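Residue numbers (the working numbering), protein chains in the order written: chain A, 2 to 159; chain B, 365 to 749.
Just so you know, the hints here were simulated from the structure itself, not pulled from any lab data.
Among the hints, erroneous ones may be present.
[What the hints assert, rightly or not] Quick list of simulated restraints, FRET-style, between CB atoms:
#, chain 1, residue 1, chain 2, residue 2, range
1, B, THR654, A, LYS137, 32 to 42 Å
2, B, LYS622, A, ALA13, 55 to 65 Å
3, A, ALA13, B, LEU448, 39 to 49 Å
4, B, LEU448, A, THR15, 33 to 43 Å
5, A, LYS137, B, GLU549, 58 to 68 Å
6, B, LYS546, A, GLU18, 35 to 45 Å
7, A, LYS32, B, GLU453, 53 to 63 Å
Quantities reported herein were computed from a predicted structural model and do not represent experimental measurements.
Positions of the beta carbon are idealized from the N, C-alpha and C atoms, including for glycine.
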Amino acid sequence: MDEILEILVNDARTSPEEIAGMVGKTIAEVKSAIKAFEDNHTILKYTTIVNKEKADSVVQALIEVKVEPQRGIGYDAVGERIINFPEVVTAYLLSGTYDVLVVVEGKDLKEVAKFVSEKLATLDRVTGTVTHFLLKKYKEHGVVFHEKEKNKRLQVSP
Amino acid sequence: MKDRISTAARSVPPSGIRKFFEMVLGMPEVISLGVGEPDFVAPWHIREACIYSLEKGYTMYTSNYGLLELREEISKFYNQWHNLDYNPESEILITTGVSEGYDLAIRALVNPGDEVLIPEPSYVSYKPCTVFAGGKPVVVTTNAEDEFKVRAENLRAAVTEKSKALVINYPNNPTGATMTRKELEEIADIAVEHDLTVISDEVYGRLTYEGRHTPFSSLEGMRDRTVILDGFSKAYAMTGFRIAFSLAPEDITDAMMKVHQYTMLCAPITGQMSAIEALRNGEREVATMTREYNRRRRVIVKRLNEIGLTCFTPKGAFYAFPSIKSTGLSSEEFSTQLLKSKKVAVVPGTAFGECGEGHIRCSYATSMEDLKTALNRIEDFTKSL
Numbered sequence: 002m003d004e005i006l007e008i009l010v011n012d013a014r015t016s017p018e019e020i021a022g023m024v025g026k027t028i029a030e031v032k033s034a035i036k037a038f039e040d041n042h043t044i045l046k047y048t049t050i051v052n053k054e055k056a057d058s059v060v061q062a063l064i065e066v067k068v069e070p071q072r073g074i075g076y077d078a079v080g081e082r083i084i085n086f087p088e089v090v091t092a093y094l095l096s097g098t099y100d101v102l103v104v105v106e107g108k109d110l111k112e113v114a115k116f117v118s119e120k121l122a123t124l125d126r127v128t129g130t131v132t133h134f135l136l137k138k139y140k141e142h143g144v145v146f147h148e149k150e151k152n153k154r155l156q157v158s159p
Numbered sequence: 365m366k367d368r369i370s371t372a373a374r375s376v377p378p379s380g381i382r383k384f385f386e387m388v389l390g391m392p393e394v395i396s397l398g399v400g401e402p403d404f405v406a407p408w409h410i411r412e413a414c415i416y417s418l419e420k421g422y423t424m425y426t427s428n429y430g431l432l433e434l435r436e437e438i439s440k441f442y443n444q445w446h447n448l449d450y451n452p453e454s455e456i457l458i459t460t461g462v463s464e465g466y467d468l469a470i471r472a473l474v475n476p477g478d479e480v481l482i483p484e485p486s487y488v489s490y491k492p493c494t495v496f497a498g499g500k501p502v503v504v505t506t507n508a509e510d511e512f513k514v515r516a517e518n519l520r521a522a523v524t525e526k527s528k529a530l531v532i533n534y535p536n537n538p539t540g541a542t543m544t545r546k547e548l549e550e551i552a553d554i555a556v557e558h559d560l561t562v563i564s565d566e567v568y569g570r571l572t573y574e575g576r577h578t579p580f581s582s583l584e585g586m587r588d589r590t591v592i593l594d595g596f597s598k599a600y601a602m603t604g605f606r607i608a609f610s611l612a613p614e615d616i617t618d619a620m621m622k623v624h625q626y627t628m629l630c631a632p633i634t635g636q637m638s639a640i641e642a643l644r645n646g647e648r649e650v651a652t653m654t655r656e657y658n659r660r661r662r663v664i665v666k667r668l669n670e671i672g673l674t675c676f677t678p679k680g681a682f683y684a685f686p687s688i689k690s691t692g693l694s695s696e697e698f699s700t701q702l703l704k705s706k707k708v709a710v711v712p713g714t715a716f717g718e719c720g721e722g723h724i725r726c727s728y729a730t731s732m733e734d735l736k737t738a739l740n741r742i743e744d745f746t747k748s749l
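Only chain B is shown next, with the shape it has when bound in the complex:
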């Protein structure tokens, strides 16, 4: 029998997170710091609007681009918050999560053999989706000493003639790192120098704790070469609604829409109706959740450092990415032993790329009470080594 699975599908390893997920299954008393989504449920007014949309019979397809009403709200929001102008009719596309948005952007931009620069540690799907589209992922490493910001010289060293696009993700999953406007400008200069299109995953853009987030397209000269991917999952605790969007120049939006049209057709209308409500009336809840994350952030970072798991202060998202090198264990050994002996789930840094070795990802999207218990258990664990 011929090998019926495609080379691309075979060449991509399964997500490193999957393995931990399987291990945790059937361990009911586990406290998990391994979750990449809010512990809050979507605010009630959003769920209520969602139910109402069903009652009113909004159960049909929408335009391939998504509901114009939602695109208009998004345009207004970016204008008010970031002073950016995106035409809701031609530069905004509603996608089924940022995950789809990334896939669309890559497929719209990358030709077979083109190189895509991906800073690591990174979200798990950037590399595989690039491979599925026939592109070649080129890793740009970042490290704890630089607080996991992309260093211009490392990026320069990775650029070649074939480089087509650069992926940026700040605030970052898994490290919680952010980059300031000034730091991003250095990266923008390289994008111009080498004619790179920047795919900027900014789904955690609303979750920053020390200063406001800078959208990549707001940097000088970047609007025309940036695809911003943003969504409702994190800030509004709407992961299961699967609603996100891209902001990009018309030609890129058009190409992304083409792929979207023939694969997804449109994002689910129920989620889109809910997202309209989120943008119109969600500010209060976003602020409340952000304040709570911020308190947990301070608690987890201080405690991890006291325990001896050195951790820089993450300024965004809801992750801490401490070093576990002092224990002498590998990321995977640490995570596995911690789970088995103390029933605390974290994700080994290596799930996010090789340079995540020596680190673990701890999500603080979990209640303060559980967080404190988990930290106590982590302390017991490190003392027992």
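Only chain A is shown next, with the shape it has when bound in the complex:
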């Protein structure tokens, strides 16, 4: 990965001035590189990874969706219908025993169940769903969720 991207992926708040210092380029060069990434949609959005368990109560579920593909457009028509629901936070087309993996978010179990049974499972060409409620997050986007352990090094060493 490009080094500027790598720095932003790690911390999107790193300023162009700081990045310039880290990679040995001018601020103008860094700014124009970032703009190019934004323009060509390599960078889609700057967001924050939140430990939602601490922020508010949400329930997430991973749903395996089986879809009957359509001639000419494959899975895309159904996929695009699925992602229009605001409850859907992530959707991937996959190889394997089912077709689309959907991550759904709701305020409680009931809300998620309702969404799946009333909206998702009833979509045209969706032939089946299996719902897995998420119990605990260990790691997401490369970030480990439990508190970081303190470095155990000696404070001064040769």
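We have chain A already, so just place chain B on it with the hints.
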């Protein structure tokens, strides 16, 4: 009562670093730039392989030379990276850290009274181990104007009839200096002229940021008179595993092995098994860590110079060695006052030899966040003077 401590043990002063270590103890909110080891923990795949080796029952001695499998991996690595050929059966010895490797090399080479040329500022153990072996350390000074490279004329001035060995350590601890092939060739010429054996501590060889490291034995005519000391501590963040190795001609390896055999017996097998995994699958992590060090290097060097602590750009290891002469303080005064008033630990340059006076060693093997805070505090400190 007779004085029961030996003359050699008495004659060697305690490490200058020790004093700072004691001072920092009990100061919990200190940010330390005084650490000579990576802030990363050993990559998980290496720790996992280590655990697996224990599960499989690898808890025994190994050959005195170390596991042949590990020596073969090392041989392959040096062949692929540096086009050097070392016979894993007779020219590679696994040691318990480069520290042991240095001790073995000195004891294998030095007779009582022989002189060992040691460029300073230098790692803290070269001089004491030389004294313990009955050798006489002869300091070759280097300075900031030369970016702490060994200058041929300074080396020439220090050579005598009794000179037996020359110690070289690039990339350098504490200065972060490196030397190019061409610059090293001048030193190699002197080694040939005066029939010196070169002990080259290259433990930071993987951590270079502007061009690839040149192993000393890859210089023309040097393979037969060089002992390379390298290890896993720095590049793979494996300091506590205590695994390193020497690459040297058969007769020297044999002599080093003899000392090793009767003192250490062998390096711990758990560490050796982990080192095999490091060499086989560690490249990605080494590259990631090196990129991160490089970013911090740029940040620390720029900032130190802006603060007015002049610092040449170190091209290897993870140390900056700025001058603090502009403050009018000695290295020790600067470090002590900085620690007490701003809670930032650095190591005074004098811990690495007299010519380190006027400098401090700042390790950037610490997180970017801590590094920035530490630099802010150093700036506040210099302004308050």
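Original post:
For the pair B:THR654 and A:LYS137, does the Cβ-Cβ distance stay inside 32 to 42 Å?
Top reply: holds, 34 Å
Original post:
Taking 33 to 43 Å as the hint, is the beta-carbon distance of B:LEU448 and A:THR15 inside that range?
Top reply: Because 40 Å falls inside the window, the suggested range holds.
Original post:
In this structure, is the beta-carbon distance linking A:LYS32 and B:GLU453 contained in 53 to 63 Å?
Top reply: holds, 57 Å
Original post:
Per the hint of 35 to 45 Å, is the separation of the Cβ atoms of B:LYS546 and A:GLU18 within bounds?
Top reply: holds, 36 Å
Subject >> CB-CB spacing for A:ALA13 and B:LYS622 relative to the 55 to 65 Å hint >> reply: holds, 58 Å
Original post:
Honestly, do A:ALA13 and B:LEU448 meet the 39 to 49 Å range at C-beta?
Top reply: holds, 44 Å
Original post:
Per the hint of 58 to 68 Å, is the separation of the Cβ atoms of A:LYS137 and B:GLU549 within bounds?
Top reply: The hint (58 to 68 Å, Cβ to Cβ) holds, given that A:LYS137 and B:GLU549 are roughly 60 Å apart.
Of the numbered hints given earlier, the model fails none.
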